[in-house]
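With chain X held as given, fit chain E onto it using these hints.
Chains as they are written, first to last, in UniProt numbering: chain X, 1 to 551; chain E, 1 to 551.
There is no bait here: all hints are sound.
Here are the simulated EDC-like pairs of lysine to aspartate or glutamate, each with C-alpha atoms no more than 16 Å apart in a straight line:
1. X:Lys349 to E:Glu416
2. X:Lys104 to X:Glu267
3. E:Lys349 to X:Glu416
These aren't lab readings, by the way, just hints derived from the structure by calculation.
Since the model is a prediction, treat every value here as computed from it, not as a measurement.
Number of protein chains: 2
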Amino acid sequence: MNSTPAVTLYPLGGLGEIGLNCMALVSGESMIVVDCGLMFPDDSLFGIDVVIPRFDFILANKDKLKGIILTHGHEDHIGALPWLMRSCDATLYGSSFTLALAAKKLEEHNLKEFTHFEAVEGGQTITLGDFKVTFFPVCHSIVRGFGLGIETPAGRIVHTGDFKIDRTPLDGHATDLPAIKAFSEKGVMLLLSDSTNAEREGFALAEREIKSALAGIFKEAAGRIVVTLFSSHIQRMQEIYDLAHASGRKVAVSGKSLFSNIEIARELGHLRVPAGAEASLDDLPSLPDNQVVLLVTGSQGEPLSALSRLAYGEHRQIKVQKGDTVILSSRFIPGNVRAITRLINRLYKLGAEVLYESVQAIHASGHAHAEELRLMLRTVSPKFFIPVHGEYRHLVKHARIGVSCGVAPERALVIEDGQPVTFSDGLIRLEDPIPVEHIYVDGKGVGDVGVTVLKERQLLAGEGLVIVVMVVDEKTGELTFGPNILSKGFVFEQHYSHVLEDAKCIVLDIYENVPPGQSDLLKERIRSALRRFFRKVLERDPVVVPLVITL
Amino acid sequence: MNSTPAVTLYPLGGLGEIGLNCMALVSGESMIVVDCGLMFPDDSLFGIDVVIPRFDFILANKDKLKGIILTHGHEDHIGALPWLMRSCDATLYGSSFTLALAAKKLEEHNLKEFTHFEAVEGGQTITLGDFKVTFFPVCHSIVRGFGLGIETPAGRIVHTGDFKIDRTPLDGHATDLPAIKAFSEKGVMLLLSDSTNAEREGFALAEREIKSALAGIFKEAAGRIVVTLFSSHIQRMQEIYDLAHASGRKVAVSGKSLFSNIEIARELGHLRVPAGAEASLDDLPSLPDNQVVLLVTGSQGEPLSALSRLAYGEHRQIKVQKGDTVILSSRFIPGNVRAITRLINRLYKLGAEVLYESVQAIHASGHAHAEELRLMLRTVSPKFFIPVHGEYRHLVKHARIGVSCGVAPERALVIEDGQPVTFSDGLIRLEDPIPVEHIYVDGKGVGDVGVTVLKERQLLAGEGLVIVVMVVDEKTGELTFGPNILSKGFVFEQHYSHVLEDAKCIVLDIYENVPPGQSDLLKERIRSALRRFFRKVLERDPVVVPLVITL
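Looking at chain X on its own, in the form it has when it is part of the complex:
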């Protein structure tokens, strides 16, 4: 008796965290990869630039790799490409907009010219080895995102990508449920669906509601309007341009990432700037206030962004003034709340009115809420269901939603990164876990900053460092230099010269009591005595580095 061929799913990131989205699908000699995202570090990861998935599994099987599919252009889906593509030359598939963003990123790492790009359209089907992949347009907070219908030798898979189901979508921004339904009618073995908002009931706000709220603000505003938003949210930018045009305003742009994304979107026809709705920053001072819209970067309070420069009065062309309305059409990412509210307070002090999500509905999540997730589950009606794109709690809640929509409880699987699942004969099998990891990128170093170095940075951050230098004569055991004490990030030395003098006496005392030649013992004693001393007199515990040079 022949069994059907097996397909194995390898989640490498995104199942257990928001970010790092990356998975591989393997069937015999064919492998495809879906997404290749990064994650931004939290504050405990001192000095880390970005976090990326561990790619060992993909690289070990790269002879099988038929293509990398990018569902959409957000950093958590394409941001880790530079670190994968330096060791891998597969073709990237996605919408032309997604690929343009990926190309820009690869260009910054000098990898663009070595990469093959294949743009696909919504509704198109491509064959990659054993896999046939159909691209379904989905509505999300970036244009031209796709969900995937994947025909495999072991059955059909639907991967939603990041999506929401906007019931009243603006032109060209609907999730193509009919196409997903048509694909699913032949029977879907597995649904992989976005869990980000599984804890939020009902429907996400529709973009139409946001546009209408923005329209109200544009109507009321007597002075200049400043808008900040996520730099990849082309749809929202279109609304701003349209509203500006309708109210006789011109839009100027400030901030590098906005410029670059607007350029790409215009080139590809995803952003249509109405004739006469543009201004340069230098034009602004000569325009009446009620004809000005300024689109700026900085929705997360980033220190060098245009919004930050405006709030601190350091923007070259523009000064915020009484009568200005500043709109933060974006979410406050939790780690950035203090930075963002600091800007808001400063803008108020400059006399501006400031509007943001918590006081007015001017931002909508791009991820489906529970009711939309149910709609997707009922549309696909899968045999198996694996929630993806979420922290563990989101995956658990989404699995429960799956069960409430008719998935058998034993077929709604909460699995995490590194847990492969094989589908064969309509059954599943959990394979032995493969190594996955959050790889830390610091400058050019990939994965070299680990627990030890981070721990050291944490200690240095909290208490600073004290260096003790002394030179001892090898023959006589006499002190020929020092002890000198210097510090970094410890105390303001001018105010604490007496403490540092006392510390020197302690070091001298130890030196006199340690037999010559035992410099390791000497160093250890110095370290522990100074730590004790600083704890006692200052209640601080700096890193102590004793340097004893024997000459």
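Same frame as chain X, now just chain E:
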């Protein structure tokens, strides 16, 4: 013509930030201080323990100081007392519960025995020099908080303290609006009112609703129940004890701050533990799961808290298991969101069900929402209004609410810390600003860690540090030791020995090209060359400390 005596208000903290609440009122030779709070540092304040107000103004006038009034026992109202009371011996006034918390804090700093405490009751009036202060019970997220009615030679002032107006209060936890109304009927010159929730419309959730939600959870839970909450929220604890008792459960407590506050509250009769509703941690294993409630610290994800130990399987007596329900009856403070959600995810992995504010209404803010603020404004009907207790944006919004309630726009003043206001003859005058500051406390150091040290800590945190040591013979200019390179928090040295070797060569090269005797030049060249080198090969920019010893 005699003018009425002047009273001047000196805001020292809390007008422009949430935290640091502290103000002085001066009339002739009398000064009173209202509250003396701290603020917890954000992540950018590396190593700082707490932030306190600058007390110079109080200390410079301490001969006039008639008393310090504490509205309630939260850290942002009493937490800075140890730093004020070490230089000041005024009497503290407040409810017995508030004073007990203050006393505990002062005891930790060996200041309790030098401090005078005078407990007051709701409704009581005391005279402090030129001021007559009446204490109004208010509803807040801590028991026995007071608003203040202050009769001054220049007119009546109402200071709300932190409050909400619970329309259906649980026994003994109402804001005494009738008393405030009675006080106000004779005419109030100035209202100072809590602005924390000025941006939130409607009414704050009532504690009765929280209790009812908790009752539903207690009814459903088949296994053990674990509850975490703010350790000072005695009212909420009472609800937990009552619900436990009613459902045949016993409450055990884990976590130092809970123990201590429960002890104080029981002693003063603010927490009544029903007979038979207690258990010790060691009893728990022998109790059936459905008879257990565990009250734990850790609602903000603090690393060593009881909840954290539970989530990481490191709690000595208890292991979280399938069937347990964990309730976070608390707010997620923005800077702690990642730490808290990390615990939630871990608890889910252990099989527990976890409930928290964003998925269920199990926490209520203790601060009035806009509708309640309007009620207060209409009850007091003040001539002047100064919003307090908020960031600048909250003060602005609250001032607008004041105007909407009939305060004349020019009499609703948004002022910040350090801006004194004098009231006299029914008029006001803004005085010259006095110096105010966020004073950083690091261990025993108060105010000594400033911008320079913090900047150094930030650099060390981000990139670590590299030390270069060498000894040069004074006479010959020969190198007698080194260059040796060591690092902290920079790279994992084993993996980068080649980079460090290259760095040594660079240092040697510089040494050979700098004329002997110019060790400052040598150091500067080493520093800049190594920074350039590390930026180029690693894209990192550590702090470089060159130590050149001439012997």
